[in-house]
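A.B. asks: Since chain A is already given, all that's left is putting chains B, C and D on it; use the hints.
Chains as they are written, first to last, in our numbering: chain A, 7 to 391; chain B, 7 to 391; chain C, 7 to 391; chain D, 7 to 391.
Just so you know, same-sequence chains aren't split out, so a pair can sit in one copy or run between any two.
Pairs of lysine-lysine, DSS-like flavour, derived with a Cα cap of 30 Å:
{"hint": "1", "residue 1": "Lys169", "residue 2": "Lys387"}
{"hint": "2", "residue 1": "Lys242", "residue 2": "Lys204"}
{"hint": "3", "residue 1": "Lys62", "residue 2": "Lys204"}
{"hint": "4", "residue 1": "Lys11", "residue 2": "Lys102"}
{"hint": "5", "residue 1": "Lys194", "residue 2": "Lys372"}
{"hint": "6", "residue 1": "Lys352", "residue 2": "Lys217"}
{"hint": "7", "residue 1": "Lys62", "residue 2": "Lys372"}
{"hint": "8", "residue 1": "Lys217", "residue 2": "Lys194"}
{"hint": "9", "residue 1": "Lys280", "residue 2": "Lys204"}
{"hint": "10", "residue 1": "Lys387", "residue 2": "Lys9"}
{"hint": "11", "residue 1": "Lys384", "residue 2": "Lys169"}
These aren't lab readings, by the way, just hints derived from the structure by calculation.
There are 4 protein chains.
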Amino acid sequence: MRKRKICVVITARPSYARVKTMLHAIQMHASLELQLVLAGSALLDKYGDVGSIAEKDGFTICERIYNLLSGAAPTSMAKTTGLAIMELATAFQNLKPDIVVTIADRFETIATSIAASYQNIPLAHIQGGEVTGSIDEKVRHANTKFADLHLVASESARQRVLKMGEHASSILNTGCPSMDIARAVLEKPAIDFNPIEKYGGVGAEIAPEGKYIVVMQHAVTTEEMHSRVQIEETIKAVTALDIPTFWFWPNVDLGGESMSSSLRHHREEYDLDKARFFKNMEPEDFLRLIKNSACLIGNSSVGIRECAFLGVPVVNIGSRQTARERGQNVVDCGHNAAEIEAYALKQIAHGHYASEPIYGNGHAGKTAADALAAFDLKFHKTLAY
Amino acid sequence: MRKRKICVVITARPSYARVKTMLHAIQMHASLELQLVLAGSALLDKYGDVGSIAEKDGFTICERIYNLLSGAAPTSMAKTTGLAIMELATAFQNLKPDIVVTIADRFETIATSIAASYQNIPLAHIQGGEVTGSIDEKVRHANTKFADLHLVASESARQRVLKMGEHASSILNTGCPSMDIARAVLEKPAIDFNPIEKYGGVGAEIAPEGKYIVVMQHAVTTEEMHSRVQIEETIKAVTALDIPTFWFWPNVDLGGESMSSSLRHHREEYDLDKARFFKNMEPEDFLRLIKNSACLIGNSSVGIRECAFLGVPVVNIGSRQTARERGQNVVDCGHNAAEIEAYALKQIAHGHYASEPIYGNGHAGKTAADALAAFDLKFHKTLAY
Amino acid sequence: MRKRKICVVITARPSYARVKTMLHAIQMHASLELQLVLAGSALLDKYGDVGSIAEKDGFTICERIYNLLSGAAPTSMAKTTGLAIMELATAFQNLKPDIVVTIADRFETIATSIAASYQNIPLAHIQGGEVTGSIDEKVRHANTKFADLHLVASESARQRVLKMGEHASSILNTGCPSMDIARAVLEKPAIDFNPIEKYGGVGAEIAPEGKYIVVMQHAVTTEEMHSRVQIEETIKAVTALDIPTFWFWPNVDLGGESMSSSLRHHREEYDLDKARFFKNMEPEDFLRLIKNSACLIGNSSVGIRECAFLGVPVVNIGSRQTARERGQNVVDCGHNAAEIEAYALKQIAHGHYASEPIYGNGHAGKTAADALAAFDLKFHKTLAY
Amino acid sequence: MRKRKICVVITARPSYARVKTMLHAIQMHASLELQLVLAGSALLDKYGDVGSIAEKDGFTICERIYNLLSGAAPTSMAKTTGLAIMELATAFQNLKPDIVVTIADRFETIATSIAASYQNIPLAHIQGGEVTGSIDEKVRHANTKFADLHLVASESARQRVLKMGEHASSILNTGCPSMDIARAVLEKPAIDFNPIEKYGGVGAEIAPEGKYIVVMQHAVTTEEMHSRVQIEETIKAVTALDIPTFWFWPNVDLGGESMSSSLRHHREEYDLDKARFFKNMEPEDFLRLIKNSACLIGNSSVGIRECAFLGVPVVNIGSRQTARERGQNVVDCGHNAAEIEAYALKQIAHGHYASEPIYGNGHAGKTAADALAAFDLKFHKTLAY
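Okay, chain A solo, but in the shape it has when bound (with noise of 0.2 Å):
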């Protein structure tokens, strides 16, 4: 029998981690061909280059699709966006693939939705159903409505997706194939690598034996004009701290570029000398990392999601992940140093918490395939109501 052949667009660093295992249950499968195409950023080095990662992850990369427009336009996401339709299109034709899976919310993953509706291919969703600020809101319920097939991340986001008007039938809470990571980082917490030594990156020679913390703060589109003032009091509140600091670059969001060259630019002051600034790391070291980690200061959903799961203390800045699902471990502030500095010293002293699966048990990756293998082919459909 002819394998179906399920083609996953990653458009992004963070969206690999995010969807690992599934690709490796994908692999697995005996009914199944993984088409694995990576767009965006990422391609970039600059912003962590995917390929060589999942390249040495075993996985084959079908297609590279580079429609990032370079430069801080207010139009780049739009064209961008554009331009990953165009290429995409092209792709699918090539590639004939019998699924195509987008993830998440990020402003590109609507063209993964279009290129695959627009050629009568069946759409599946991941993560779908969440609620968060920025662009991402509307980004992601479009995704949706879109989809033929959701796979989300947890029972609150089911009944969202359901609520929504899609059909029972077509919505699953595999939950997130990243806390099938997490799980295993969890049996076994200790960090087996050296960052440094893996990774390079540039700053200060620190060792993730002793105490430290994890930075990761990426801009906010719809407040872009704002992104370097909200840097700005994060590096001053960690300069504050003065504890040794893993702190991973901003993405490629628009925003990043003025964020990065703040950064770039308090290094060559000679600030922020106990940070280490890094691009990427694989999954399982990045969570590791994480999980040793005093606490975990920033905006990224790695400290929403993961970080419930692994009990990491977490000081969540702005408005990027306001309204998404949320543990314990998490405490909100403003962008204010003083603020940023207090909480995370308050969240230092507390210590790790429970660990909270809000976002799955572990289990998702076959999960995810397993529905992908038994889902009865469609591209059309009604709402429910």
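C.D. replies: The following block gives chains B, C and D in isolation, referenced to the frame of chain A:
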């Protein structure tokens, strides 16, 4: 005080008629300024040149966006949409509108939504919340998910948009602006123009004084491969009816080209010798012609919407209008010549129906303009539940 | 030994006929493999579907590139070319040809040259070194400047390419492959098909047994605004001549649409009632039809090139073929009905001319294929002086 | 009288310096109006933000065209060019220039030529007729073939453009506008700014008062796979020389990213500890820095052009400037550390050379502006032979 700039993007011929009274109301509004953008098939003479009609109606075209790819490739819908996003992004950057308005549910309307949302411009959507078949179903609800203001055309549509998680305060049932024209036509139904003299067209010399029918059948993009067979059934039925016929060419949708080719072929073979073929008419003339017809045959939404208000008997063929709310005036049938013919005879025998205001009471344009003026500008939203 | 992959890109209907014997020679060549790519107007039924003809001729289409934007915008030629570059870049990356072949001088042929050169693929150019009017003049010589191998169609063309600074070893006068077909037609000139039965077309029922003329007039893009006036003069002249006429529709060039519209208008008015309109014919049929005509009227390069070899009298109108090397068989005239009519009568009275092998002796296809096989692969060059 | 609108498109950092005096002369000219368009890498901070510099110099940026695709795909050059054509077509339609000016020979300059020519806008080309290696050679001469007016930089360039079949009346040897700045620098050579204070940069704290060298080495796109190896040889040589070094980062050309990566790597390893790295400087500062250097090492055309006028000793590496007309001040060598070091020592020992006005006498800007004002507007041409 600076007037609020309202940019309305029209991407297809029928959308113009659907919003014409709203365009007038915006233009007349003390605190609004109209920016009219034409794109895609709205610009092609082949499908009825909206530009000339709009200019004759007193509107200025701010931008003409040529984004339609020639040729019936499987990738055309996606690439045409990708191009539209890229071109509209530039247009919006130049026009700097306060609100962008996207209309209904054709595949390329999502381009308007994306280009506006990704530049943080508030988006209003006309005709959300309805239910139909085809790819339009996905596109319409995705537009809803991008929109900040919903101007819907019926009470049931309002309910659906609300259920989908939009906030009640952002939804207004204005009715469909097209009913404003239908109301004027109902008040003064006599045909006051000579269709052939005014619009040319090709085919038989027929007059609107006698008994006649109207045919409007478009391709169903998700059944594209059956387009030719589907139109052939209708051709057979109309040939058998042997009544003077005003026939409007299929639109630009995937499959439309092969329908037109089939029609041209039959014309050259001297079939359909009682039919006159038109591309387009001014909205008032068009509704007046339909109002005075014995029956409308096809799958146009005009049969479901305007004809409910006008009380014109309709034979609705196939899946294109599946699930759209309808009045007593519609009978549904399959793509089968005998069935179409039989239902048409029955509908002609029945004669006109009572007017049903399902899609508005005929004051939508003004209501919509007022809503655009009153809307609290924002481009941020979260799900209501 | 691996065969050398030769990728020939055809972007317009007439180019197919021009290279057909070369395509066959490549396909038959022991050390070559043909990769045939169709793009732009070559794919549109409206302008004669090259794809079907090529497949009937035994060729496989490797890629179909839909890059033609609909609508007569001032920006269309540029944007269609930009799109072609983007799409051909992907195609070449997938096909990995050893040599790419670009043909002649239509505006979009530069896209082939750029997409190949910018990926370091050696480029061969057919029909360089000729001199004409219009934008083609710029495009043709720019193609020469990108090309690494020049397969020219006449001795004077070879001289010009040499003078432009290309190295003598990279230039070969193969003659035009279209003359290979003309040679076969000269050897067996009788019309062996019924044009209407085989190709349909619309208009008068005329037969190729009697006396007839052929009209082929395209828009001159740099005189686009005069297109309608120009074709009207020809229509007047042909109406006055009152001889059965095989008329080929204008091509896709800017201005062609308004010419076609004028022709359709006259047709509906029952002018041109001795004319039959065709989109396209197979090359052999086409040349046989011309060979047996009393006169060719218009501005097609067929009048200058193939008709020199065939000895058919030609009335060449306007600037489109200005400066192109021509034989005794051509008289030139302006866009003036009286003048066109007078010259046509004179040419018909004169009858056929002696064959002149200006554009080759009829063995170009084989010579070109051999040159492609023997070419020392490189994509680097410097001016010869 | 309406001023003639001259639209100059700058697509890369070095082009700005090359035409700056011409821009001023256009802006000052009684009958000209300047429309300055920035595109591609000229807009990226990473490669030196031309926009800020130009605005500081008193110019207004009419349009910013973001057409540069991120990531080092084999298709990037082609796609970036295709996008540029599409975006420039819109810009020219909005700006309605009387003449468009394209500069030199980078791959994307052909986009300017095509977008202008295909909209029937007369095209002027700066720096035609020169001879070099790389893909630039093809692009430069193709630009010549699109251009209606040729403003060349040397007598031998004028001869070559003439030989290529352009009409003598359309060619003017203005000299290179960059020499206008070089002339001013020669008249007042003292360095009047602190490079590190004014431009930041990263690396060693060096001062321009002492002896120093300058390095500028870009990727050769046709030798892209050797980029890293090539820069490593230069790094070895410069390390061995052990002299304070002002080093300018490689530009955006294919291969440049891997060169930069190699440089960053060596920096992090504390090699090159006497080097300071800069992105860009204002043209006057830049030439003053070079004028006072002991030697310029690399493959920039600055070494061949401006340095001939300034009399600065140059070690020119590899094939990038092959065949470009050069003065006594240049010695050529291969990609070999030992060779580079030896030649550099020899050049430093030799000291400065006499000024050679090969590329103009320093009044090019004014001459070019006058030519643009006097040019008989046309967009039609035929080969001169």
